[in-house]
Structures are given as C-alpha cells and as structure tokens.
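Asks: Chains U and Z are the protein sequences, given in the same order.
Here the first sequence is numbered in the numbering used here, starting from 463 and rising by one per residue.
Here the second sequence is numbered in the numbering used here, starting from 463 and rising by one per residue.
Hints were generated in silico from the structure; no laboratory data involved.
Just so you know, not all the hints are guaranteed correct.
Copies of one chain are not kept apart here, so a pair can be met inside one copy or by any two copies together.
As the list claims (entries may be wrong) - Listed next, the in silico DSS-like pairs over lysine-lysine satisfying Cα-Cα at most 25 angstroms (straight line):
#1 Lys645 - Lys724
#2 Lys520 - Lys726
#3 Lys645 - Lys726
#4 Lys507 - Lys583
#5 Lys587 - Lys506
#6 Lys583 - Lys494
#7 Lys587 - Lys520
Number of protein chains: 2
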Amino acid sequence: MLGNFAYCNPTKLYFGEESLQYLNTELPKYGKNVVLVYGGGSIKKNGIYDEVLEILNKNGKNVAEISGVMPNPTLEKLYEGVEIARNHKVDLLLAVGGGSVCDYSKAVSVSVHCDEDPWEKYYLKFEEPDCEIIPVGCVLTMVGTGSEMNAGAVITNHESRMKIGHVFADENIMPRFSILNPKYTLTLPHYQMVSGIYDIFNHICEQYFSGEDDNTSDYISEGLMKSLIHSSRIANKNDQDYEARSNIMWTATWALNTLVAKAKSTDWMVHMLGQAVGAHTDATHGMTLSAVSLPYYRYIMPYGLAKFKRFAVNVWDVDASGKTDEQAALEGLAAMESWMKELGLVMNLSELGATSDMVEEIADSTLVMDGGYKILDHNEIVKILRESL
Amino acid sequence: MLGNFAYCNPTKLYFGEESLQYLNTELPKYGKNVVLVYGGGSIKKNGIYDEVLEILNKNGKNVAEISGVMPNPTLEKLYEGVEIARNHKVDLLLAVGGGSVCDYSKAVSVSVHCDEDPWEKYYLKFEEPDCEIIPVGCVLTMVGTGSEMNAGAVITNHESRMKIGHVFADENIMPRFSILNPKYTLTLPHYQMVSGIYDIFNHICEQYFSGEDDNTSDYISEGLMKSLIHSSRIANKNDQDYEARSNIMWTATWALNTLVAKAKSTDWMVHMLGQAVGAHTDATHGMTLSAVSLPYYRYIMPYGLAKFKRFAVNVWDVDASGKTDEQAALEGLAAMESWMKELGLVMNLSELGATSDMVEEIADSTLVMDGGYKILDHNEIVKILRESL
C-alpha cells in the first residue's frame, strides 16, 4: 500500500429478492428514450423481460431494443447496436442479462456519440472517451464478470481473432445503477453457474498474484476467496440454495469493482490466455480460464513463491509447518485443483475444442501483460497452452 | 446474505503521498464560497493549513473558517458553525482534520438550510434532511472513524450529557471527495495512533458480532481485521513506518463505509457504552472503547458462541481442535487482550477518569441497541461498566 491511487465507484446497487422494484426509483432520473439490451431470449422465458417492460411502460418510457447480444459480443454487433441507439436518440441503455450484455452496453454507451471507430479508439489505442457517455443501468441475471459495478467492456473482433477488454478509467462509464436479484441466477444451468464461479475466483487471483509489498487489498482478496470457496461448495451440491447463490453474487461484484486491485500491480495473464482461446473456440469464458489456470500458476509459482505459500496457508488452510515454501505452495495449488474438479470445471483445452495445431495461433493472439510475477515470452505461452491441452 | 439492501458510496478517494494536489481537480466543481473547517490548530503547525489555503486561493475561492472543532464536537459548536456557513453563503465545506472535523462538517452540511433545530431533528428524532445539503470535501489528517467515506456524524450535547451518532441514509451526505495522505498521520502522538487503531478494530467488531447466517461481509471483515492486526504491530514498534500507516489508513476507510454491514444486523453496543463514557469524561474515543470491550464481549459471548469461536480461529489463528467451542472462543478473546495490551491501550475506565459513583449515570445515558447477540438491560450495563472500572 505505497502508491498513489484514486478510488471512486458510484454505482448504486439494489440487492435482494425485492430489488427489481427499485427500477421505479431509478428510471425517472433519465430521459424518455430507453434502449433495452438483452441476449438470446432467456429473459423472455423466465418472465424477467415482461416484468422489466411493464416497469418501463409504467414509467412512460419510449423503448427500443437490441436483442441477441452473444456471450462474446462481437464488433459487428457493437456497430449494429450503436446504430439502433443513435436512431432512437437514446437517453438510457438498460442492460438485462449477464456480464456480456452489460459489457456490450457500456461499449455502446461510449460509442453512440463517438466520431471515430470504437474498435480503433477503445480497443486498439485504449483511449478514453472524449464524447458524451450514455448512462447504463443493469438488471443482472448471471454472475461472474463483475461488469455490474465496473467500467470494463470486452469486445471480440472475429475478423482479427482478437478478444480485448478495456477497463475504462472514467467512473461515469460504470453502470449508474445495478439491480442484483440472486433469484434470477437460480435458473442458470449448472455448467454456466460453475463456470461463473471460476471466473469470479480467477478475477481475485489475477489481482492477488502480483507484488511483494504488504497490502490490505490482499487480505480483502483472501476473505473474498474464502467466502466464494465456502459458498461454491454449497451451491455445487444444491444450486437452488438462495443463501449460497446470494453470497456468490455479492462476492462477484466485489471481486472486480477495482477495490482489491488498489495500490497493486495486477497479473491478468490467465484472462489473456483464456480470451485468446475464447476468440478461437467461442468456448464459455470461465471454462477457458479454468483450463489454463493450473499450468499457468505452476509455471509462475517459483517467481512469486512467497505469495503462493501465503495463498496456500491463508486461503486453503495448508499447514506449512515442517514444509519448504515450495512444498506448501504446491499443496495450495493441489487444494485448488481438488476444488476445481469438485465443481466439475473444464480442466483442459481439448474439451473446449482447441487442438494441438491451434496452439501457435492462439499464442500469437495472446496479449502479454507485465504486472504479474513473470512476463511470458512466446515459447512460454506455447508451453503453457500445450500443457493445458 | 439473505436480506434486501442498497449500497451506494460515491465518495471519490485520492490516496497517497501526492494526493493533496487533487484538490485542484475537485475545487472547480463547486461554487466560490468555501468554509474551511478544522480543529485545534495542529494543521497550522504541520503546514497542511498553508498548503490547503494556497490551493484554495489559487482556485479563486472565497474562504471563511470554522476553527477549534473539538475531539467530541458539541451542539453549541454546531450552532456556531451553521451561523458562519449561512453568513458565508457556503458552497462547499472543506474539512481538514480527523473524524471529528469531518463528522462536524457533515452535521453543518445538513443544518445550514434546515428550518428546524438540528439536534431535535437529526439526533433525537433521527430524521433525514429534507433541505438542500451542502457538499463536504475532506482532507484527512487522522485515521479511525471512517468518516471520510460514510454519512455518519456524531455530536455531543453537554447539557443533556448525550453523545449521539446519526448515520444518515442519503449517500449525498457522504463527503464528495476525500484526500487520504498517510504522511499526514505520521505526526500524530502514539497514544492517538493506537487509540485510532482500536477504534477501527472495534468498528469491524461491531458489524461482525451479530447474526448467525452465512454472509460474505463477515469474510471481508476477517480480512480487514487480519490486515489491521498485522499493520498495527509494525506501526506500534515504529510509528513512522509509512507502509503500515498507509494500510491502517485504508483499512479504516473500509471498516466503516457501510460495506461490511451489508445484509447484516449490527451490534454497536461497545460504541454506545464508550460514547456514554465519553460524554461524562471527554476521554479519547478509542480508549473509551478499549476500556469497555473485553468485559462486554466476555459477557455476550455465550449468546453468540459460534461467531466468537469463528473469530478465534479465523482472526487469531486459534487451533480449535480438541477444545470446546467456549474454550476456543475464550482463547480468541485472550489473544485479542494480549494484542490490546501490546498496543498499550487503556484497559479500564478508571484510567479515563470514570469513578464508581459515575456508573449509574453513565448507564442511564447509554443508548441500548438491539442488533447484537444480547439486548442489555440497565443492570447488565451497570455490571459491564463496573467490570470495566
């Protein structure tokens, strides 16, 4: 905790079974023209669409729609949505769905009044918007990405096979409000649930496995990881356990709303590997992360041994007495592996459709980050991907 | 994590050695008339006053002052400040000091445009403001209260011997921005530092020792407590250790900015006891808490045994194997007691000037809260106070 930093996260969260009613509190704050953004239509099956539309109508809103936002929102879809939002003279983008829908809405929000090409400006040059930003509200139906309380937006460009996330610096790009009803997550298939749980866990890891200083953020991360491991085991046995699912939902938000990264460098290499895999296979995000995680962590462990030992002791209750740091650290990763298998996560890339002859290409499109314990070169990435197959 | 709740904390925090310069970023957002609020003048000795005034002048502000805000701000002082702020047609209240100065500024902020008596409205009836609220900014020079990122404001009424804190519901009462420079805390006397550390620790305890459900907030609390214990030991040996002091500063903010109380009932009985003692002795806040804590926790332990056992294991690393829950829980409190003595905290009320014949009167003015493991009656309060003497 030595550096200089700013923290501001103004998103208003409404949490709980009764939270949707607070849409009535928020909507009057914005203009008449709302664009409702959603995915493949599951919200029509489970009734959320009808509930939201009724509230929008009751509040006298003029509603247009962007539907069919895919799990990895594409650049083409972004262009399409920007067009719809412009034509509707949008005052509020209301994202109803999971992280992809929320991410996508933020990408639309900074592009509606942008004169330049958003891919070029935000995803290749990583610039901040200098135009008006359309406010985003969110009704969250799936947990994992933390998108409901951050300024991140991942977009996939199929043409260049690049999946890039931009975490914007401006807190005005964070949703103005997010409605978190754990009940909405109960209809999610088990596979999606555990995939989301691993995504959450890995978000914390990405921020935890970096730095050697003494930092309160790492203690908060350990608390979040312990809560998540605890609740995930309950939810894995009974995915209708509201208490466990509500704790998972809340943990997901705090795992990636900038708090646990404060005054730290961060890693994000597992996400870079996973996103490269995602761009080539369109596999579920959390599973691309679980498949590459252990080969990656075992590879970098020697470069951040003290933190991996601390992880073993503080998160996995490994008894380190009489063990070398390396033994204790490996025992922590073994405990993590058991937990991952217990949840039924995908533990190798082959299961996701990646093949040996795709490795070089995936490695080529993997962005290399420099905040973790080891900056990887091409050969190291290839090695990790091969071990993940 | 079962209930319904809202979370919103829009305070912008600037943290670190370079953070004061961000006053230049914030000041242009507000009108010309600034009231600078501070305490006994230590900021004049250490140069912060001059630095702040220079920035205010550079930004063309018209500055009035409220000085001499005391450690337990009084109602008379509140009336005086409201008068100054009204006459100055205040646009921004800039609190430069510790929690008392920041609390006081918030109390002024909701009173300037209030037609009713603020003591009556906010502290006896616990009403929310229905008038315009003056924005508050804060330059924090002392840590402990968390006032820099919450909507709480404690005021003492000497006439009725009541010290009452109102945590307002409206997030607009939270400081709009707070500047947290750990360097400013390095000049604080050791006694004040450890008193602040215990205040922080107890804030977490007040929110942790309640409820029997499964809640992510408790895991975050455990992380914060572990970080604080760790850093406090370093700072106690060397109070010029910037890293330890910066972690303590950051922990203090997150210990009381509403996060770890979410979806929980909370206790706050140690604060009620301590505040009653404070109103009778004017003793340092943190020390009133440390003096009553262990008699209180040992008394309520049987009513929340599972949580006290968890506290022992997760916070104090007590090995519970082969022990009854009660043995493990008591061992946790004993570890806490050792730590408190190590810091040199005041462990009894006599040292603070409280005498046996004051006990009944202190008990009479102790507000009884109902969120903890046991609702105390008058005799129980008297018993705890006598054990604290």
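Asks: Confirm or reject each hint.
Replies: Each hint tested on the structure:
In this assembly of identical chains, Lys645 and Lys724 lie within 25 angstroms of each other by CA distance solely across copies; the values are 18 angstroms between and 31 angstroms within a copy. Taking the shortest Cα distances, Lys520 and Lys726 never come within 25 angstroms of each other, neither inside one copy (45 angstroms) nor across copies (33 angstroms). Taking the shortest Cα distances, Lys645 and Lys726 sit within 25 angstroms of each other only across copies (19 angstroms), while inside one copy they are farther apart (34 angstroms). Taking the shortest Cα distances, Lys507 and Lys583 never come within 25 angstroms of each other, neither inside one copy (37 angstroms) nor across copies (49 angstroms).
When the C-alpha separation of Lys587 and Lys506 is checked against a cutoff of 25 angstroms, the pair qualifies neither within a copy, at 37 angstroms, nor between copies, at 46 angstroms. In the homo-oligomer, the alpha carbons of Lys583 and Lys494 never lie at most 25 angstroms apart, since the shortest distance is 29 angstroms inside one protomer and 37 angstroms across protomers. Proximity of Lys587 and Lys520 under a CA criterion of 25 angstroms is satisfied in neither setting, with 42 angstroms inside one chain copy and 35 angstroms between copies.
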